[in-house]
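Trainee: If you read the sequences in order, they're chains A and B. Going by the working numbering, the residue at position 46 of the first sequence is 46; the numbering climbs one at a time, nothing skipped. Going by the working numbering, the residue at position 5 of the second sequence is 1005; the numbering climbs one at a time, nothing skipped.
Some hints could be false.
Derived DSS-like pairs: lysine-lysine, alpha-carbon spacing no greater than 25 Å straight-line [what the hints assert, rightly or not]:
1. A:Lys211 x B:Lys1073
2. B:Lys1073 x A:Lys216
3. A:Lys197 x A:Lys251
4. B:Lys1097 x B:Lys1115
5. A:Lys198 x A:Lys251
6. A:Lys112 x B:Lys1097
7. B:Lys1134 x A:Lys112
8. A:Lys142 x A:Lys207
9. A:Lys216 x B:Lys1097
10. A:Lys190 x A:Lys5
11. A:Lys110 x B:Lys1097
12. B:Lys1037 x B:Lys1026
13. A:Lys49 x A:Lys112
14. A:Lys110 x B:Lys1115
These stretches of chain A come out as covered by chain B in the derived footprint (C-beta under 8 Å, 3 or more residues) [unchecked claim]:
15. 123-132
16. 264-276
17. 299-307
For the record, the hints were derived by calculation from the structure and aren't laboratory data. The beta-carbon is built from N, C-alpha and C at its ideal position, and this holds for glycine as well.
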Amino acid sequence: MSDSKPKVAFYWCASCGGCEEAVVDLNATLLHVAASVDIVLWPVAMDFKYRDVEALAEGDLTVAFINGAIRTDEQAHIARLLRRKAVMVVAFGSCAHTGGIPGLANLTTKQKIFQTSYLNSPTVVNPEGTVPKVTTVVDGVKATLPGFWEQVHTLDQLIDVDYYLPGCPPMPDNIASAMTAILKNDLPVKGSVLGSKKALCDTCTRKKPEKAVLHKRFYQPHEIEADPEICFLAQGIVCCGPATRSGCGEKCLNGNMPCTGCFGPLDNIVDQGAAMVSAVAAYLDGQTVAELDAAVASVPDAAGTFYRYGVPASLLFRANTKEVGK
Amino acid sequence: MGDVKLLTFVCNWCSYGGADQAGGLKVFYPAGVRLIKVMCSGRVDPQMILNGFRQGADGVLVLGCHPGDCHYKTGNYSAQKRMLLLAPMLRQFGIEKERFQLNWVSAGEGERFGKIVNEMYATVASLGPLHLAKQLVEEDMA
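All chains, please: the whole structure from these sequences, using the hints.
Mentor: This is the structure:
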């Protein structure tokens, strides 16, 4: 391995592993990338140790791709370590960018998550009520686990982030063009999202009715057979296209499923969920408050639907703790 | 009852007139009621309401023209749809429903303006300040 090659690190925090999969999905392109860079850390695929990264000089690492949201001490520690060593940090995928699916945990509390996961689930048998602790002493030996935080954070709420690669997961062509741009140093202004500047609705090929179609109720995708040619919102199915960045290749739409918003908000939107409220409200039908409320009630989980990948990045950030559970 | 901030959006054509008349009539209302004039209640983006809460408002009140009276014909109806959809989402975020309200005040209803803001201010004050969690990772977590 030559020292002149740019050094690259991949790391995962609170994520599912899909982002790592997306890197592998580069197929042959990955081999070209691997040939032109020196990978110094990639826990999911290669055997390097944290001390290898600790041994690097500051600025020795050209770029660190970090996926996953931040919710434990270990994730924060490694993200901070990589930030110190890397010239550039890229938040890779929805979780690092806006909080992602793990970010939905901000609508509840750590206590409730522990109760559900370790005590109350029907498949859990835990008569002693054992829950993970940071420190446990077993036969005189002290064992430790990373501390689990009260809430989930986006990467940029912890460390300075240079660029964002959106998507759950990011698309291989998007990753490849970002890698090329980084290697050629042909990048937009710091803090940019490396992706399309258009809304998904702008690139969607489904037919939109000339006249707005209003709905007395909305449908969940399983409650109705969707026409594969027509706009989901016009059919009364909540689709996050209006507030979501394009660039995913319309994979969900082509599979006749509505957009769930994984590419995150557009550059001119601060809060994806609030923008979705505006978009969906325009389709509500009703002459009275009662009728409108009935239509609103047909969207059963507004926060989870409009912020499926973005609760920690939202303006409200998390459910107000003292009120959670009431 | 502590000091709270009630962010109040008033539309240019009706509710601001109502607030103006309230002033002329010397209707008392607390200094914590902070008015922001917008052209129409339909201009109030849900992002503005969330941003209000983020920036320290303990309650947000949106006032528009009475149904049928909107200067732009349907702006207040648009506002109503948005606010009705936003309300349950705010509750999911643990923000009590009393902290967020949409109501109608015409330009001639100074008394009504005073009544609405005073009542809502008292309700929000009895709930106390809204302490939203900080977004940035706090040092004690490190």
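Trainee: Each hint: holds or not?
Mentor: Structure-based check of all given hints:
1. A:Lys211 x B:Lys1073: holds, 18 Å
2. B:Lys1073 x A:Lys216: With Cα atoms ~22 Å apart, Lys1073 of chain B and Lys216 of chain A stay inside 25 Å; holds.
3. A:Lys197 x A:Lys251: Holds, at about 18 Å.
4. B:Lys1097 x B:Lys1115: Roughly 19 Å between the alpha carbons, so the hint for Lys1097 of chain B and Lys1115 of chain B holds.
5. A:Lys198 x A:Lys251: Roughly 16 Å between the alpha carbons, so the hint for Lys198 of chain A and Lys251 of chain A holds.
6. A:Lys112 x B:Lys1097: Measuring from Cα to Cα gives roughly 23 Å; hence the hint holds.
7. B:Lys1134 x A:Lys112: Given that 25 Å is the threshold and the Cα spacing comes to 20 Å, the pair holds.
8. A:Lys142 x A:Lys207: Not satisfied, since the Cα-Cα distance of roughly 62 Å exceeds 25 Å.
9. A:Lys216 x B:Lys1097: Roughly 23 Å between the alpha carbons, so the hint for Lys216 of chain A and Lys1097 of chain B holds.
10. A:Lys190 x A:Lys5: Holds. Lys190 of chain A to Lys5 of chain A sits at ~23 Å (cutoff 25 Å).
11. A:Lys110 x B:Lys1097: Within the cut-off at roughly 24 Å; holds.
12. B:Lys1037 x B:Lys1026: holds, 20 Å
13. A:Lys49 x A:Lys112: violated, 34 Å
14. A:Lys110 x B:Lys1115: violated, 41 Å
15. 123-132: Three-residue rule not met by the region 123-132 of chain A, so violated; n is 0.
16. 264-276: holds (count 6)
17. 299-307: holds (count 6)
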